[in-house]
Every structure is written in structure tokens, then in C-alpha cells.
Amino acid sequence: MKISLFLTCMNDTLFPGTGKAVVHLFERLGHTIDFDMEQTCCGQMHYNTGYQEETIPLVRRFVHQYQDSEAVVIPSASCVGMIHEFYPKVANLSGDSDLEKRVEQLIPRVFEFSQFLVNELNLVDVGAYYPHRVTYHPTCHSLRVLHVGDAPLKLLRNVEGLELVDLPGALECCGFGGTFAIKNADTSAAMLGDKIHHIKETGAEVCVAADNSCLMHIGGAMSRQRSGIKTVHLAEILASNGENWGEA
Numbered sequence: 001m002k003i004s005l006f007l008t009c010m011n012d013t014l015f016p017g018t019g020k021a022v023v024h025l026f027e028r029l030g031h032t033i034d035f036d037m038e039q040t041c042c043g044q045m046h047y048n049t050g051y052q053e054e055t056i057p058l059v060r061r062f063v064h065q066y067q068d069s070e071a072v073v074i075p076s077a078s079c080v081g082m083i084h085e086f087y088p089k090v091a092n093l094s095g096d097s098d099l100e101k102r103v104e105q106l107i108p109r110v111f112e113f114s115q116f117l118v119n120e121l122n123l124v125d126v127g128a129y130y131p132h133r134v135t136y137h138p139t140c141h142s143l144r145v146l147h148v149g150d151a152p153l154k155l156l157r158n159v160e161g162l163e164l165v166d167l168p169g170a171l172e173c174c175g176f177g178g179t180f181a182i183k184n185a186d187t188s189a190a191m192l193g194d195k196i197h198h199i200k201e202t203g204a205e206v207c208v209a210a211d212n213s214c215l216m217h218i219g220g221a222m223s224r225q226r227s228g229i230k231t232v233h234l235a236e237i238l239a240s241n242g243e244n245w246g247e248a
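Just so we're aligned: the sequence shown equals residues 1 to 248 in this note's numbering.
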């Protein structure tokens, strides 16, 4: 299968290793990756901060770039949630019935990374090897918008050498929420404190999630506290096989 990879702003600018991991994994599985070098932002940041009309050109661009793609895979539940939940609203706001139709046609072919592996490719064992004690943080968008369910956990449970431990209070938000962490810093910090406490309780070496935005928030606190606990995107664990990909 030829897979179009939409990397996201966060990964492109701060976490390029995630995109490399996705490419490495899919190529190992025998698929071809198409990466549009002119891809930009999905528009989530603009839409969530009230600039909804300014989001329209970004929606047009995304639809134009991927309208012929067999499958668009994104290693971020946050951005996929934006596309699935809010693109129809942006298209409606534009007053362009053709854009509304094209958005409607494209959305079923836009997938979050773990959902695509488990639900579309019917894979739970991707041949990964990662000898670490790991706990999984389910992000808000993956839980409440996309309903990815246990897809990430199914994948992690089949990684050779990986010890998966349950995260207490897993369903609680880490406090990031995009600009929420800036506009409501004290509340965000309190929520983050609870999350960090629970992660430490597990005795895990690594905290994994499917969104680098949350991992950045959690990882920053872990680093400041010199906890020794690393944050790693799910794709980087699944790409690891002990030989061709670096360990955390």
C-alpha cells in the first residue's frame, strides 16, 4: 500500500525522530511512504484559538494535497481529531459546497497511526523489540475524540522484551491542551503534577503516548525533576527491533 504521511508541525519542528520512525516501520512492513514536502499545518492551533476563518485556507490546502491519497496516516491523535471533528465545520463556514463534499470524501481515509496499524492493516505484532519497562499515557484526543480504544496497548503488548505496566489515573488529562497550558498555567501545572506522580508510581523507565504534544509537556517536567524517566512516541518503540533502530 502507498501511504501518505502527514507529519504535523510539532513533529516537523521539534520531534523529527517520530516521522523517521513511522517511515522506517512502514517500509519494514513492505509499504511505500509518500511525503509531501510542501505540507503545512492542519489548522488546529488557529481553530482552537478563535481564528476559524483563517483556518479555511489550511483546510483547502490539506484537501488539495491529499484528495487522491489511498490513506493518510498521522502520528498524532490531536491533529487527526481536528480533521475528523472540525474540518466539516470549517468547510461549512467557508460557504463552499464543493469543499464540504471533498472534506467528507477525504475524512474516511485519514487515520491516526495506531488505529491504522490495528484496524486497517490488522496488525498487532510489528516485529518490534524494546527491552524496557513502559507505561502508556492515553491522550485526551485519542480517548475522547477518536476513541482509539486499546489499539496502542495491543501493539505495545506484542513488543518483544517490553514490560507494560498500568498507569494509575490513566484517563486523566496531563494538563497540556495546547494553549490551555499557557492561558491556565497554574491549573495545567497542577494537572501535570498529578500525572507525573502517577507515572513515577509505576516504576517505568519510559512513558509512551501517541501525541508528542503531551509527551513534550510530560517530558519537560520529567527533565526538570531529573527523574530519569524518558518520554517516547509510540512509533519510535514500534520501529525499534534491536538492530536497525536506536533504543530510547
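To be clear, the hints were calculated from the coordinates, so they are not data collected in a lab.
Predicted, not measured: the structure shown is a model, and the values here were computed from it.
You may find that some hints are simply not true.
What the hints assert, rightly or not - Restraint ranges, calculated between C-beta atoms of paired labels, are given here:
1) D150 <-> G50: 15 to 25 angstroms
2) H197 <-> E104: 24 to 34 angstroms
3) E27 <-> G193: 15 to 25 angstroms
4) N92 <-> E163: 45 to 55 angstroms
5) K200 <-> T32: 25 to 35 angstroms
6) R224 <-> N92: 38 to 48 angstroms
7) G149 <-> T49: 21 to 31 angstroms
8) R226 <-> N122: 18 to 28 angstroms
9) H64 <-> R133: 41 to 51 angstroms
10) G161 <-> E27: 21 to 31 angstroms
11) I107 <-> L171: 25 to 35 angstroms
12) E38 <-> R224: 12 to 22 angstroms
No residue lacks a Cβ here, since even glycine has one placed at the ideal position from N, Cα and C.
Going down the list of hints, with the structure as the test:
no. : hint                              : result
1   : D150 <-> G50: 15 to 25 angstroms  : violated, 35 angstroms
2   : H197 <-> E104: 24 to 34 angstroms : violated, 43 angstroms
3   : E27 <-> G193: 15 to 25 angstroms  : violated, 40 angstroms
4   : N92 <-> E163: 45 to 55 angstroms  : holds, 47 angstroms
5   : K200 <-> T32: 25 to 35 angstroms  : violated, 41 angstroms
6   : R224 <-> N92: 38 to 48 angstroms  : holds, 43 angstroms
7   : G149 <-> T49: 21 to 31 angstroms  : holds, 30 angstroms
8   : R226 <-> N122: 18 to 28 angstroms : violated, 42 angstroms
9   : H64 <-> R133: 41 to 51 angstroms  : holds, 45 angstroms
10  : G161 <-> E27: 21 to 31 angstroms  : holds, 22 angstroms
11  : I107 <-> L171: 25 to 35 angstroms : holds, 26 angstroms
12  : E38 <-> R224: 12 to 22 angstroms  : violated, 37 angstroms
Checked against the numbered hints above, the structure violates hints 1, 2, 3, 5, 8, 12; every other hint is satisfied.
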